[in-house]
Amino acid sequence: MEQIATSELTHLAREQAVLDLADFDEVVRLYRPRVFRFLLASLRDRDVAENLTQDCFLKAYMGRAHFRGDSSLSTWLMKIAMNLVRDHLRSKRLRFWTKTRETALDPVDVSDWVPDGRSSPEAEFIARTQVKSIWETVNQLPPKQRSVFVLRFVEEMELKEIAEMTGMNPSTVKTHLYRALAAVRASVGGGKA
Amino acid sequence: MTKETTTRQVQEMYPESDAATKRDLEGLANSISQFRAAVRHIAEQQAEPASVAWQLDQARQRRRSAQRRTMLQWAVATVAATVLCVTMLVPAVGSYRHHAAQLQAQRQEQLLKQREADTALLDQVTSELSVTVPDSMQPLEELDSDYTNNQTSIGKTEKTNGRN
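Chains as they are written, first to last, in my numbering: chain A, 1 to 193; chain B, 1001 to 1164.
Errors might be hidden in some of the hints.
As a list, the in silico DSBU-like pairs of lysine-lysine whose alpha-carbon atoms are at most 30 Å apart [unchecked claim]:
(1) A:K174 <-> A:K132
(2) A:K79 <-> A:K160
(3) A:K174 <-> A:K160
(4) A:K160 <-> B:K1022
(5) B:K1022 <-> A:K144
(6) A:K160 <-> A:K59
(7) A:K132 <-> A:K59
(8) A:K59 <-> A:K79
(9) A:K59 <-> A:K144
(10) A:K174 <-> A:K144
(11) A:K174 <-> B:K1022
(12) A:K132 <-> B:K1113
Rather than coming from a laboratory, the hints here were simulated on the basis of the structure. No experiment lies behind these values; they were computed from the predicted model shown.
When you get a sec, could you build the whole thing from the sequences and use the hints?
As structure tokens, this is what we get:
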């Protein structure tokens, strides 16, 4: 349903997109999962992701008059989410004395669930290890590489769309993605970083 | 997104790869697909979100408390900076005053010494002037005193004549 809504909104005229914001409940219902998923994958903290998702929609709500429809609603919201991640990481660096949050996701939890039933326990173990390894590697990537990786491979966005969202040119996006992919590839034992 | 799509996207990043690398990339794409599925699964595990109004209200409250916290931090920082400045300035002012008093005392002492030295010099000059004229110079002194007496008497005579 989310994908259908996204594609529908992408094709809407600018005026229509602006009007859509008037029905804000619907906007939140449609885009909340994507925003939350991006924040969760970027920050690995449920509570922070939840709070920042709310902040994202509050910002969007308060700034809806400034939305001119130059980009799609989804791109605009994800851009706000990216800025929130950047601000959060910056403030986290400043609050270096703050102890690690207890709500931060344990990488083991992430690998607890692996899609499709595997034939052997060994194959399942390998799959879980790889997911855990990717999760940890993504967490250690520089912020830009991590955002580009998550947007491309978790949020399934096109390079052009990522470029528009991040304000980088497509070749820079590709470079970041290549580096992130190289790191992930090395972490799962498939090549040199 | 299917696993095949992920494979294609991964292989796009490595266009000049041989057969072995392609197999390796397929494995990587498979792992990434599983990673995506895991992240989506965790995200969907979240409890049903509350109403939009409640969420926006929560976000507003957080924003207000963050603003208050920032203001409080600035206030604390300002007070701390002021206290620091005062703590640094008080000894500096004390030290300056002490130094000024020392300088004043030194100046007075120097003045006193100067006065004493002047007095001593004047005493010395007076004593030297009052030394008895040596014998060899006695005739000159007598001549000088005679000359002075004469001058005095001439003056008196002129005055008398003038009156008359």
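Verification of the supplied hints:
no. : hint               : verdict
1   : A:K174 <-> A:K132  : 24 Å, holds
2   : A:K79 <-> A:K160   : 14 Å, holds
3   : A:K174 <-> A:K160  : 10 Å, holds
4   : A:K160 <-> B:K1022 : 25 Å, holds
5   : B:K1022 <-> A:K144 : 27 Å, holds
6   : A:K160 <-> A:K59   : 24 Å, holds
7   : A:K132 <-> A:K59   : 33 Å, violated
8   : A:K59 <-> A:K79    : 11 Å, holds
9   : A:K59 <-> A:K144   : 22 Å, holds
10  : A:K174 <-> A:K144  : 11 Å, holds
11  : A:K174 <-> B:K1022 : 19 Å, holds
12  : A:K132 <-> B:K1113 : 89 Å, violated
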